[in-house]
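Engineer: Chain by chain, the residues:
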Amino acid sequence: MLLSLEPRGQQSRLMLWCSPLLAALLTLGCGSLLFIALGHDPLQTLHTLLIAPISDLYGVSELLVKALPILLCALGLAVAYQARIWNIGAEGQLLFGALAGSALAVNIIDMQSHWALVLILLTGTFAGAAWAGLTAWLRTRFNANEILTSIMLNYIALNLLLFCVHGPLKDPAGYNFPESAMFGDASRLPLLMEDGRVHAGVYFALLALVAVWVLLQKSFVGFQIKVLGLDKRAAGFVGFREKRLIWLALLISGGLAGLAGVCEVTGPIGQLVPQVSPGYGYAAITVAFLGRLNPIGILFSSLLMALLYIGGESAQMTLNLPQAITQLFQGMMLFFLLACDVLILYRPRLKLRWARRTSTTAVTAGAL
Amino acid sequence: MPSPDSTPRLQLRQISKRYPGCLANDAIDLSIAPGEIHALLGENGAGKSTLMKIIYGVTQADAGEMLWQGQRVNIRNPAQARQLGIGMVFQHFSLFETLSVAQNIALAMGATAGTPKQLEPTIADVSRRYGMALEPERLVHSLSIGERQRVEIIRCLMQDIRLLILDEPTSVLTPQEADELFITLRRLAAEGCSILFISHKLAEVRALCHSATVLRGGRVAGHCVPAECSDQQLAQMMVGEAAALIGEYPKVSGGAAYLQVNGLSWHNPDPFGCSLSDISLQVRSGEIVGIAGVAGNGQDELLALLSGEQTLPRDSATSICFAGQAVATLRPDARRQLGLAFVPAERLGHGAVPELSLADNALLTAFQQGLVSNGLIKRGKVETLAQQIIQRFGVKTPDSQSAARSLSGGNLQKFILGREILQQPKLLIAAHPTWGVDVGAAATIHRALIALRDAGAAILVISEDLDELFQISDRLGALCAGRLSPLRNTTDSLLSDVGGWMAGQFNDAPSSATL
Amino acid sequence: MDIDLLSNIFYAMVRCGTPLLLVALGELICEKSGVLNLGQEGMMLFGAVIGFIVALNSGNLWLGVLLAMLAGVLLSSLFALVALVFNANQVATGLALTIFGVGLSTFVGAAWVGKPLAGFEPLAIPYLSEIPLIGRMLFAQDLLVYLSFALFALVAWVIIKSRVGLIIQAVGENPDAASAMGLPVLTVRTLAVLFGGAMAGLAGAYLSLAYTPMWAENMTAGRGWIALALVVFASWRVWRLLLGAYLFGLASILHLVAQGLGLAIPSSLLAMLPYVATIVVLVLLSRDAVRTRLYAPVSLGQPWQAGH
Chain R
1 MLLSLEPRGQ
11 QSRLMLWCSP
21 LLAALLTLGC
31 GSLLFIALGH
41 DPLQTLHTLL
51 IAPISDLYGV
61 SELLVKALPI
71 LLCALGLAVA
81 YQARIWNIGA
91 EGQLLFGALA
101 GSALAVNIID
111 MQSHWALVLI
121 LLTGTFAGAA
131 WAGLTAWLRT
141 RFNANEILTS
151 IMLNYIALNL
161 LLFCVHGPLK
171 DPAGYNFPES
181 AMFGDASRLP
191 LLMEDGRVHA
201 GVYFALLALV
211 AVWVLLQKSF
221 VGFQIKVLGL
231 DKRAAGFVGF
241 REKRLIWLAL
251 LISGGLAGLA
261 GVCEVTGPIG
271 QLVPQVSPGY
281 GYAAITVAFL
291 GRLNPIGILF
301 SSLLMALLYI
311 GGESAQMTLN
321 LPQAITQLFQ
331 GMMLFFLLAC
341 DVLILYRPRL
351 KLRWARRTST
361 TAVTAGAL
Chain U
1001 MPSPDSTPRL
1011 QLRQISKRYP
1021 GCLANDAIDL
1031 SIAPGEIHAL
1041 LGENGAGKST
1051 LMKIIYGVTQ
1061 ADAGEMLWQG
1071 QRVNIRNPAQ
1081 ARQLGIGMVF
1091 QHFSLFETLS
1101 VAQNIALAMG
1111 ATAGTPKQLE
1121 PTIADVSRRY
1131 GMALEPERLV
1141 HSLSIGERQR
1151 VEIIRCLMQD
1161 IRLLILDEPT
1171 SVLTPQEADE
1181 LFITLRRLAA
1191 EGCSILFISH
1201 KLAEVRALCH
1211 SATVLRGGRV
1221 AGHCVPAECS
1231 DQQLAQMMVG
1241 EAAALIGEYP
1251 KVSGGAAYLQ
1261 VNGLSWHNPD
1271 PFGCSLSDIS
1281 LQVRSGEIVG
1291 IAGVAGNGQD
1301 ELLALLSGEQ
1311 TLPRDSATSI
1321 CFAGQAVATL
1331 RPDARRQLGL
1341 AFVPAERLGH
1351 GAVPELSLAD
1361 NALLTAFQQG
1371 LVSNGLIKRG
1381 KVETLAQQII
1391 QRFGVKTPDS
1401 QSAARSLSGG
1411 NLQKFILGRE
1421 ILQQPKLLIA
1431 AHPTWGVDVG
1441 AAATIHRALI
1451 ALRDAGAAIL
1461 VISEDLDELF
1471 QISDRLGALC
1481 AGRLSPLRNT
1491 TDSLLSDVGG
1501 WMAGQFNDAP
1511 SSATL
Chain P
2001 MDIDLLSNIF
2011 YAMVRCGTPL
2021 LLVALGELIC
2031 EKSGVLNLGQ
2041 EGMMLFGAVI
2051 GFIVALNSGN
2061 LWLGVLLAML
2071 AGVLLSSLFA
2081 LVALVFNANQ
2091 VATGLALTIF
2101 GVGLSTFVGA
2111 AWVGKPLAGF
2121 EPLAIPYLSE
2131 IPLIGRMLFA
2141 QDLLVYLSFA
2151 LFALVAWVII
2161 KSRVGLIIQA
2171 VGENPDAASA
2181 MGLPVLTVRT
2191 LAVLFGGAMA
2201 GLAGAYLSLA
2211 YTPMWAENMT
2221 AGRGWIALAL
2231 VVFASWRVWR
2241 LLLGAYLFGL
2251 ASILHLVAQG
2261 LGLAIPSSLL
2271 AMLPYVATIV
2281 VLVLLSRDAV
2291 RTRLYAPVSL
2301 GQPWQAGH
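As you go down the protein sequences, you meet chains R, U and P in turn.
The numbers in this note's numbering rise by one with no breaks, and the one at position 124 of the first sequence is 124.
Here this note's numbering = 1-based position in the second sequence + 1000.
Here this note's numbering = 1-based position in the third sequence + 2000.
Chain R on its own, in the form it takes in the complex:
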């Protein structure tokens, strides 16, 4: 082995924070090679992808709008992943929250009071939590693997949404398009700015950020979650209730994802449509890992991910690159992150084979 990995013995603090940066840089580098292969100028493409979208105030507001659902989902996932509960169902929880909120909204379109919005948001949040609760129940009661059940629930939620939007929730006055009626004014999230679509959901995001930080860093429940994730046996040894913690972690992450979904339909979209989420729930997985399951890290990585989304759309329009470039970059980043993480625990060493034989012969020569 020419290049070998030598264990460090202790985690390298430096690499812990550099690794995501390194992964991002490697992704950009790899992406540039891809652009060259497709016949585009790499620097110009990167500019279109990353710089141009946020070069004006409207762009920044779009960034915040896109980042919001990703951030909420990722915060919830961080709590679950700390407990090593691999909730892959954020997408389904988001969709189900949007669906439930919309089901209520289309029935109270004429309601004027501000409580309309509050009720809708609460419904969406609880619905998302309940969807995740299904996963929790299947895991705690039947020991069913949460990765597989939550993914199955994603597909089921999507099909439920499609069913509703083609059927029960379809706008009767909508020319048979698969979408619901527009929600009433009192059911919409108020905008924060004149220009742009930034809405009050931002407050929820900030609240969630603080709440999750306090939960994970300061609270005893957060400590229990961490111990459960790191060492199930030790958690059992001291009496932390595994089932309760699993429920809690999944309810929190489902609730935040449901909130993200209902914010999307009461905010930027204003109605229920099949394309509520271009994969925010899955993007949140990458964001959670990239941000090291830490709320501050997640904040930055969700902004980066949102940038990739907007940049991808822009690249499709101006450079004719497929929109899937966003997803491609997502996957590359996660892969590079996992690969770079090896440097946290191991030091790369260049081992030259002849060096070892030299030392042995020297010793034996001396011994003779």
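What the hints contain is simulated information worked out from the structure, not anything from laboratory work.
We put the beta carbon where it would ideally sit given N, CA and C, even for glycine.
There's no promise every hint is true.
Only pairs whose alpha carbons sit at most 30 Å apart, straight line, appear in this in silico DSBU-like list of lysine-lysine [unchecked claim]:
1) R:Lys232 <-> U:Lys1396
2) U:Lys1426 <-> U:Lys1251
3) U:Lys1378 <-> R:Lys243
4) R:Lys232 <-> U:Lys1378
5) P:Lys2161 <-> U:Lys1117
6) R:Lys232 <-> U:Lys1381
7) R:Lys232 <-> R:Lys243
8) R:Lys232 <-> R:Lys218
9) U:Lys1381 <-> R:Lys218
Cβ-to-Cβ under 8 Å is the rule here; a few derived chain R residues that face chain P [claimed, not checked]:
10) Ala37
11) Asn145
12) Ile147
13) Ile151
14) Ile156
15) Trp213
16) Val214
17) Thr286
18) Ala324
19) Met332
20) Leu334
With chain R held as given, fit chains U and P onto it using these hints.
Structural biologist: Frame of chain R, contents of chains U and P only:
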């Protein structure tokens, strides 16, 4: 008996091996003649395992040379070692539980030896010849520990072996099984096979081995013929100055019964586990009760039931009582509030979370001691507690923020024990408290247990180390196949008695009137 | 329900179950060696798109199949590098592989959506395919389905009878012991992972070249995940895998059965059936923690380093 002027079968010259942070082997010289049973003596941490790994090719020395039958060799991997005729029986068996005996052996022997079916007659033959009965088609998980060791040995014997290395083989055997093993080994040696016997038990070494090399701190502390050395001399070589640490502790009888176990029975749903039947015992305040037993006889299950990791249904609530209060349905945190402290067998991954800092690990069991208020952790108090533990128990660590896994075995065990003792428990249960721990730390741990006992706590120790149990327990018993022998005063018990109990030779005690 | 309808249902069941069977066979070997590879969706899709593009451009379907398998091997080698050599968390790496593979295949296939292709045609074996009820199912399929039968037999033989199967099982149960015995744990696991990749690629090729000869984004619709559940359902035993794959195939074509019975159920609801069935199956099988303990490879999903 080995003839003194033949070429040594194995010779090590100036073997050294360094790991990050320590020099495991420092210029070791060793020589084994054909047909010789050679002991490699030393306490935990002396460097025995590393040396043995080098001989078997699992790892390579940084310096020095190895000669096999007079020829210089560089053993790069176990397959090469086996080709030369070196066989190894590990302390922790490298067997595959879901495969049969024959399949395990077929795997070890390489593709040319034949299929498991083809090997079955040979296996049956060899096992009969050496007096170790085994059925080749049985799945390994259904075998007892002693039987599994036989599989390991037979696996080696089937490969035309010239040097057999055994790593602490008797740590998992009852005294009777150990005697049977010695008979097999003497027969092997008589046929010309050399044996390298790694151990830290002086009595066995003296009974079995022709010669010994003693390791201490990575260096050779001496060579000797065990039969001609006294215990003192051997101990002096093994532990040096620390010999003075091995203490003699006076035995006491305790006060009122604190822990009462009445007719505890439990069926284990795990097919690989052991069920408990009708276990009764009492541990009094101010005494140490020791329970002996080879792994797999119900220790893990009993510990889980006592600590609360496994609870019982309501109708069995009184099978476990703390000072008269029924606790069998309570979870670990509730039992801790009643005064329980528990030091589990595994330090990393059970007693402490390897990736968390020492401070966090202190919080792990002490959280009911005022370290949490309104759901938030009081970091200051956690720090203070961690510092107290580190100072009072001499834990060698840069600071309380070091990860638990960065500590040596002995230091971590001191920390874990200290953490429990500082919570002033009324009942302390400790499983294998000095397993894998160096002599200095082991002595500290024993002293701490005795001090806790003298302060009035009830202590239950479960261990495979009979020497340790005789040293610190006031009363003794043994677990065998899920049954517990009646407890007897240590001063009235002999090693052979305990050996008999470990083999199941006892009558069950009546539940109510247990001593 | 008449014999013809049943015969058609069985025929469709086998067709539908074939991609599941192929992926599950690959993942079975992989998991038996102790490695959990969640990247099946990504590898399948990549195989599907590469197979389609190659077949369309070269005019040679088998070349498409071959390159699809290579595509699967390529992606799985990335997984092997990060999860086995670098020892990263296998769950996260598998997820990364899925996200990357799905994104890559959508990206690569963007220009090929909706292009028509003449795929594999069924090849009926004379006389045998006339047998009532099972004749069509077993002997009137296309070449890739016949290949899947052969591959099943091969994998079954390897696991049950061969020394290689014994080694894989040993490595999966106790890598430390296997390594101490001199077995090349890393090599065995890497080869198992690559085999899984090849099978996933083949399954993808089957989808885009035989089952529905075309390319569409996300055309696997979760089959990779269902195959993972299938391995659990089969308790890591190869005969139950066959049974499970075809049962799931049946669940996926229930809309045919419904049509046959004259029931009108919305397509979205029917589309949910395989996923609901997967959950039900997982619940039924995982409930018995004892059985899982007996059959699941002990070291499944755990990172492992040589020289411990």
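Engineer: Does each hint hold? Answer for all of them.
Structural biologist: Status of the hints after comparison with the structure:
1. R:Lys232 <-> U:Lys1396: With Cα atoms ~27 Å apart, Lys232 of chain R and Lys1396 of chain U stay inside 30 Å; holds.
2. U:Lys1426 <-> U:Lys1251: Holds - the C-alpha atoms of Lys1251 of chain U and Lys1426 of chain U are around 19 Å apart, at most 30 Å.
3. U:Lys1378 <-> R:Lys243: 26 Å, holds
4. R:Lys232 <-> U:Lys1378: 24 Å, holds
5. P:Lys2161 <-> U:Lys1117: 11 Å, holds
6. R:Lys232 <-> U:Lys1381: Roughly 25 Å between the alpha carbons, so the hint for Lys232 of chain R and Lys1381 of chain U holds.
7. R:Lys232 <-> R:Lys243: Between Lys232 of chain R and Lys243 of chain R the Cα gap is close to 11 Å, so the pair holds against 30 Å.
8. R:Lys232 <-> R:Lys218: 21 Å, holds
9. U:Lys1381 <-> R:Lys218: 14 Å, holds
10. Ala37: 11 Å, violated
11. Asn145: 7 Å, holds
12. Ile147: 7 Å, holds
13. Ile151: 5 Å, holds
14. Ile156: Holds, because the Cβ-Cβ distance from Ile156 of chain R to chain P comes to roughly 5 Å (cut-off 8 Å).
15. Trp213: Violated, because the Cβ-Cβ distance from Trp213 of chain R to chain P comes to roughly 22 Å (cut-off 8 Å).
16. Val214: 26 Å, violated
17. Thr286: 7 Å, holds
18. Ala324: 4 Å, holds
19. Met332: 6 Å, holds
20. Leu334: 4 Å, holds
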